[in-house]
Every structure is written in structure tokens, then in C-alpha cells.
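For reference, the chains in residue letters:
2 protein chains.
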Amino acid sequence: MTGLSFKGYRDPALSRLKELGISVWADVVLKTTHGTFEGIVLPRSETEDEFHIVLKLKSGYNVGVRADSVTEARQVGHKEAIYKIPESEFPTDPSRPDVSLFGTGGTIASRLDYRTGAVIPAFTPGELYGAVPELADICNLKTEKLFGVFSENMGPEQYVVTAKAVAAEIEKGVKGIVIGHGTDTLHHTASILSFMLQDLPVPVVLVGSQRSSDRPSSDAALNLRNAVKTAAECDIAEVMVCMFGPTSDQYALLHRGTRVRKMHSSYRSTFRTIGDIPLAMVSQENGFHHLRDDYNRRRDDTRLKLNTAFEEKVSIVYYYPNMKPDIIEALVDNGYKGIVIAGTGLGHVNKPLYPALAKCRDAGVAVYMTVQTLWGYVHMRVYETGRDMIKLGVVEAENMLPEVAYMKLCWVLGQTTEPGEVRELMLNPIAGEITDREPPNGYLVYQGGVPEVEEFISRTLR
Amino acid sequence: MTGLSFKGYRDPALSRLKELGISVWADVVLKTTHGTFEGIVLPRSETEDEFHIVLKLKSGYNVGVRADSVTEARQVGHKEAIYKIPESEFPTDPSRPDVSLFGTGGTIASRLDYRTGAVIPAFTPGELYGAVPELADICNLKTEKLFGVFSENMGPEQYVVTAKAVAAEIEKGVKGIVIGHGTDTLHHTASILSFMLQDLPVPVVLVGSQRSSDRPSSDAALNLRNAVKTAAECDIAEVMVCMFGPTSDQYALLHRGTRVRKMHSSYRSTFRTIGDIPLAMVSQENGFHHLRDDYNRRRDDTRLKLNTAFEEKVSIVYYYPNMKPDIIEALVDNGYKGIVIAGTGLGHVNKPLYPALAKCRDAGVAVYMTVQTLWGYVHMRVYETGRDMIKLGVVEAENMLPEVAYMKLCWVLGQTTEPGEVRELMLNPIAGEITDREPPNGYLVYQGGVPEVEEFISRTLR
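Protein chains in written order, with full-length UniProt numbering: chain Z, 1 to 462; chain G, 1 to 462.
Looking at chain Z on its own, in the form it has when it is part of the complex (with noise of 0.2 Å):
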């Protein structure tokens, strides 16, 4: 890197830097309101505030300067750092697992640099055994970039191009896949690969950060490792999420890729199964701990089912009071083919809108009702309006997360449009997306289980 570089910087302190005449790897000497710095200027990550200059201190350690406490600022030196992570080959053992990564877009796991402070994209396996060596001690690794999108921009393409990738490795028979998958849409990519692959021999584990690897309270190293061991030694065949333990580092759960959501814009412990319990909770140390029974089974053949059947004319409508009946409507015109309503409480909304439902009903477009309180069942049959709504052609989705029943109605519009075989694909479930009940501790936070979780609980009550 040459030239003039502001890597990372964004106003405020972009253009105080500018000002100051001063830009990253520039060594110098900064005059401030609070004391006075010497150090290297460092690039930035995105992830970072736009507030604060960062510099490398001679200690070694680095400190965040707020930009607009700078009063002077002297040059005293250039030292630009050219890092690489060491090409370390990752160690194969033919007595461990083989297990392939996908990479999806954003980071899987990354590598500090102490001498600069700069985080270092990890991905082949030589670079992800650099970052987290102990990878090394549970499979042999192969990684492939699918392609680099954010998880927003997830869609139909690169669903199917995953599904099919995963199916391909499974068929070459790795023992598991694990999935690195931006947090914000993870879940839906779970709901329709859970639709896409069926009777999996091996698990196939998406896994995410909430908070990026050059932060203290990273999650991105330990989801990582844990998605690792599940993909390589967990005897659950099916699509989870792993992710963070709701109360400690200690373990991460696996929830069921078709009852999990993402409940926090922020914390770690963002995903969460609703209206059920988790699969399992696994750690390094303590291996897997199962919370429940009825999953499918690990097998030593090779073969699956795939489907990556995906119609795109399909849309989510979120009921709010006083909704006019133009929303549906104009989806109609604009030929949707199927719509998931989140309703209020059983799986309701206004009067009002009974004729753009009537209207949906003549143009053959599928509407299956799903409840807005995430947790319990849709049950249109205790008041006559929803009575009224089922002689609509209005069905119920019963439990099924209104995200799920989307990505559910995308992958059968693309098989049928004929209403019996639609509603006959959709209330079958495939992948645990509908239950006959919610266990009594399914609602809000699943807890309990193993002794951490009793001890965490207990103590948040002192």
C-alpha cells in the first residue's frame, strides 16, 4: 500500500485527519485536550465508530483518540505494516472427519495482527488454522467461498447455488458441512435449506457472528469451533443453526433450522428457538448435550433429497390497526402468487380487508394466516371473523414462524399452484416447522438443562 490512506476512517474523523494533514501508518505525535500520544496511525474496520483516531502506542498497545480532542498533530515517521497470515497448511489425519466449509459473504473468523491492531480476514484452511488452530484437532478442513454477499442481499440464487453445493460435498461423503452465513437472514437460509435438503446423512451447521473478531467479546472463533465439532462428530443429520448459548461462553445451542430466529439486534446470544426447545447444546469440552429425542439420525451412506424448487412472487404482509385493503391488493395486481399474513393474537385481521382477501381468493393467490406474537398457534376457528376469513380461502399456518411459512410458500409455489396440493405441502411438515404442542418451556427463553445454565439463572436473581 502506497499514497496517501484513510482505510477504514469515515467523518468526523476522516476529514480531522485530512485536516490535520495526517494518514494511516503515519507515525506522529498528537497534541490532544486530554494529554498528549505518540504512536502509528492505524487503519480501521468497518464495524469501528467514525469518532476516534486509533494508534499503535510504542507499548505496543493500541488507544482510541477522539478525533475532535486533537489540537495539533506532528509527523514524525512513516511505518506502514504488510501483513499476511502465516500459510501454515492445515494438518490432515485420516482418522479425523472430513468436514467442508462454505463461505457465504462477511468474515468467518479473523486474525489479529498485534504488531499493527489490523484483523485479518481468515478463510482457506491454512489461514483459518493461523486464526483457530484448534480446528485442526477435530476434522480436516476444506473450504470453498460460494460467493460474497451481505446477508440482507441473500436471496433465491444463492439459496439454490448453496443447496446444491451442499449436496454435491455430502455426496462425495464428508461427514458434515458447516455454513458461515451473515447473522441478519441466517435463519431464513436455514428455514428453506431445511426445505431444500431432505433425509440428510450428515448435519449441515449455518454459523455466524454477532460481534466481528477483532472485538474482546468476539463470538465469531468459539461459534466456529463449535459448528466444526457438530459438523464433524454431532449424530443430529439435520439443518441447525449454531450459534451462542443464551447465558454463558461455556456452549452454544443447536436449534432446529426451521423454528429459529434471530431476537437481538445486538447481543450474542441473538438466536433463538421459538415455541420449542433447542436440539442440543454442545462444547469443546463437554461434547454434546442432547435436549431432546425425535431428530433425524446420522447415517453412512451418502444420499439425500434435493429440492431447490423456489416461486419469488411471494411476500410477508405484517398486520397493523387500520390496514386498508390497497396493500393486498396491490400485490394481486402485481401477480403474487402467495402470501404469509402475521396477524394479531390467534391469526387476525380488520374487516376491512375481507375484500382484498376475497380478491386474493378469485385470483387463486395462496394466503396462509401465521400469528405475530411468534409464540403459539394460529386458531382462526374461536371468533366468527376468523371463520369468516377460512370461507376466504384464508389457511391456517398453525405454528409455524410467519419467516418459515415465507420461505415454505416460496419453495411449494414452485413445485404446485394447485390449492389442495399447496395447502397439503405446506401443513405436512417437513422439517419440524409445525408441532402438535409447545412445550411449557418453549415460550420466551429456553433454559435449564445443565448445571451452568441452573447456576447463571439462579444468580441473575440474587
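It is worth saying that the hints were derived from the structure and are not from the lab.
Accuracy of the hints is not assured; some may be wrong.
No copy is singled out in the list; a pair is fine if it fits within one copy or between any two copies.
With a cut-off of at most 20 Å between alpha-carbon atoms, the simulated DMTMM-like pairs for lysine to aspartate or glutamate come out as follows [as the list claims (entries may be wrong)]: (1) K142 - D93; (2) K172 - D93; (3) K313 - E329; (4) K359 - D326; (5) K313 - D326; (6) K324 - E311; (7) K391 - E48; (8) K31 - E19; (9) K351 - E157; (10) K391 - D49; (11) K391 - D11; (12) K391 - E50; (13) K31 - D68; (14) K305 - D235; (15) K351 - E312; (16) K324 - E157; (17) K7 - D388; (18) K7 - E384; (19) K324 - E312.
Once you have looked at the hints, place chain G on chain Z.
Using the frame of chain Z, we list chain G on its own:
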């Protein structure tokens, strides 16, 4: 009531009654595949199932007989029950506070007629006294039915009528207000009333029930008693929701009107404070247990601010992967003035929507971002994609819940459409709808504070 009645029966039980030639109030002998039953056919309520015929046996007990198990029916008489709630006058005591209760639809409480098993809705003070006599120990009660709509049909017309009625009663000097409301959109009404009714001198308490009063597990009377006690005695002068506590029927929780959401379609403990902790617990025996002290205190005067502004052309767009721009474009074309997006993660939507967001900006449509994780804050400055959206005029709505941001945007756009003023009003918290931080026990479930909660938690962990 004369002639044939099938009150409350639906198919298949309804058809079976007709086939058998019997109706409500018939004294019958029913032969079934499980034995013979003699009794009076009782009317059923709207919320009961459609498969059973209910008989009042000679013993006084009611029994439900599956309609399809009846092989033969013989009518031996007709014993129509004429019932009426005893018109006992609600006792008035000048030493007790005056409370006004408004009905908006649905059943506030009811009285079970033990002779017939029928449910009699109670609403006048005299009837409520008959149904829940303990109310007379708390206050002098006045009731007024404002209208009768299902909760999902509530809208601005009802909000304005309710807000004005509440304001008028408070100005007359009552010590507290209770509003009976269906649970589906109770939290929506609580949030709009939090904006329409400001600087309250007394509590305004919304209450409902998840199980109708003819069921043994009903929460109706308990919730009503706790709500009336809160209106009469509590020192928190805010719009609140008073509903069944999460872990035991020994107490109810008081939720701030802008931070509460229905989270289970059927459980009694459905209302939860999100991203924060509730205001207080209330029980008849122990009174109020405050969980925080940052609330608006009860005053002796009768002044308040009433502002019933409401713009109807506002929508919630709930993002899902592969969303197409046509949905937002249709809103702009249909003259919508405000859109609340529930985005993924920290507040994201996919890139194909950016042109539609530009169209919103150019048309002067106010677009506010919330998170569909429900917990946590919007933070669009972390990734470049979020910063792009900020440039497109999308405003971060902090930690406002999507439905609260919707109600507030309706209220704000009813007052001004000037973008700077809208932003100023939207981002300036009026009633706790935006908070500086989320307490650690504000995520997923609020627990703790009283011995019975701790006890319950430890019990569930065994």
C-alpha cells in the same frame, strides 16, 4: 327466548342437534357410544368448541357430549332458564376513590349462572359488582361503553373517541381510568394513547383477558381487580397495560404503554415488556411492588395534554429476503406519507429496495427503520449498506418497537409533514418509547423481584 334456539352451536354439533330434533333448553335423554346422559341442553359461548353438546345434568354438573357419539335422543321436556344478573347496586363510599371504566368491546367480566351453566356478560357497575364483588372494596365505580368492536378492528376513530373520553373523565376529577380491551391490539391502543394523552395526573390502565370468564383458568376477574386497584391506588400516572404475570396468578405486571407487546397467541402471560423491565407488579394482597422509579407521578390536579392527531396513510413494511421494490413503490403511488420498516439485524433491507427508498425520499414519504428482532437498537452506521440507506433518507428509530413507531408516526404526521419537525418529534421520547439503554434483564423475559418468581423459576429448573 322462545322457539328453537341453537345459541352458540356450530357445525358439526349444530347439524347433529338438528338431525336429532333437539335444541337449546330441551330436557333430553341422549344415548351415546359411551353411555346414556339425561339433562338440559345448554347454550354455548362463542369461544367454545364445535364438537360437543353440553348438558346440565340433574346433579347440577355440566357435561360435554361429543355430538358424533350420540346415537339417539329423546326429548322429555323443556326448561328454559331465564337469567339476569342480580341488580345489586354498586356500594358507594365517599372515602374510596372514584374510578371510571370504559368498555371498547369484548367481555370485561362475566358471571357464571350456576343453574344453567350459561355466561352472562357483566358491564354495568351493578353487574360487575355481582360478578366481581371485591371491586367495591377498592373504589366507587362508574362504567361507560364507548363502542363494541373486536380488537383487530380498532382504529383511529376509536382511539380519538377513547382519548377524549378519558381526558373528559380525568378533568372531572376521577382518580383513575380503566379501559377494557380485546387483547389482539391492546398494545397498539396503549401506545397511541401514550402519545395522545400526556402529562397525566392519574393512571390510565388498559386491561383484557386471554381466557373467557366461563373457563376455570380465566384471567378476566383477576386482571380486572388488579387493573381497578392500579387505577384507584397506584402512584404511576401513565398509560399502562395491566395483565397476568409471567409465572403465577399471584400478581399482575404493569407494563409501560409504549414498551409492551403481545407475545403468545394463547397463553395468559402473553403481554411482555420488550427491551426493558415492567414498571411494577401488583397484587390484591401485597399492593404494588415497584420495579423502577423513573415514572410520571400521580398528582392532585386534573390537568393533562390531549392531542388526538392521526394520519392514516402510514404503513409497516416487514422486510424478508428477496423483497422486491414494488411493495414500497405501491405505497408511494397510493399516497402513503409514512413507512415504518421492520428490517433485519441492526436495521437492514436488500439493495434492490434502494431505488424504492429513493422514490420515498423524492416523494417526501417519511421512512423510519426499526428492527424485527424486537429486542435491541437500530444501528445503521455499522455497515456501509446501512449508511447508504441513511443517505436515502431512512431514519433510525432507535429501540422503538415496530408497532409503536407506526403509531407514533401516524400521530406525528397528523401534526406536521415537514421532515425536520417529523424527525424531531419522532426521535424525542415522550412516553418511554425510546430508552438510552436496555437493562440486562430486559432481554426475552423479565424475571425476579419477588419471592414467588424466584421460587417458580427454581421449580421449573428441577
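Hints, verified against the model:
1. K142 - D93: within (13 Å within a copy, 80 Å between copies)
2. K172 - D93: within (18 Å within a copy, 83 Å between copies)
3. K313 - E329: Both: 14 Å inside a chain and 16 Å across chains, each within 20 Å.
4. K359 - D326: both (11 Å within a copy, 19 Å between copies)
5. K313 - D326: Answer is both: 17 Å inside a copy and 11 Å across each meet the 20 Å cutoff.
6. K324 - E311: This pair counts as between: shortest inter-copy Cα distance 13 Å, intra-copy 26 Å.
7. K391 - E48: between (53 Å within a copy, 19 Å between copies)
8. K31 - E19: within (14 Å within a copy, 95 Å between copies)
9. K351 - E157: Classified as between; 15 Å across copies, 38 Å inside a copy.
10. K391 - D49: Cα proximity of K391 and D49: across copies only (17 Å, versus 54 Å in one copy).
11. K391 - D11: between (57 Å within a copy, 14 Å between copies)
12. K391 - E50: between (55 Å within a copy, 16 Å between copies)
13. K31 - D68: Answer is within: at 11 Å inside a copy they meet the 20 Å cutoff, but 88 Å across does not.
14. K305 - D235: within (19 Å within a copy, 62 Å between copies)
15. K351 - E312: between (28 Å within a copy, 16 Å between copies)
16. K324 - E157: Result: close only across copies, 14 Å inter versus 33 Å intra.
17. K7 - D388: For K7 and D388, only the inter-copy Cα distance (18 Å) is at most 20 Å; the intra-copy one is 60 Å.
18. K7 - E384: Between copies, since 13 Å is at most 20 Å while 62 Å is not.
19. K324 - E312: Cα proximity of K324 and E312: across copies only (9 Å, versus 24 Å in one copy).
In this structure, none of the earlier numbered hints is contradicted; all agree with it.
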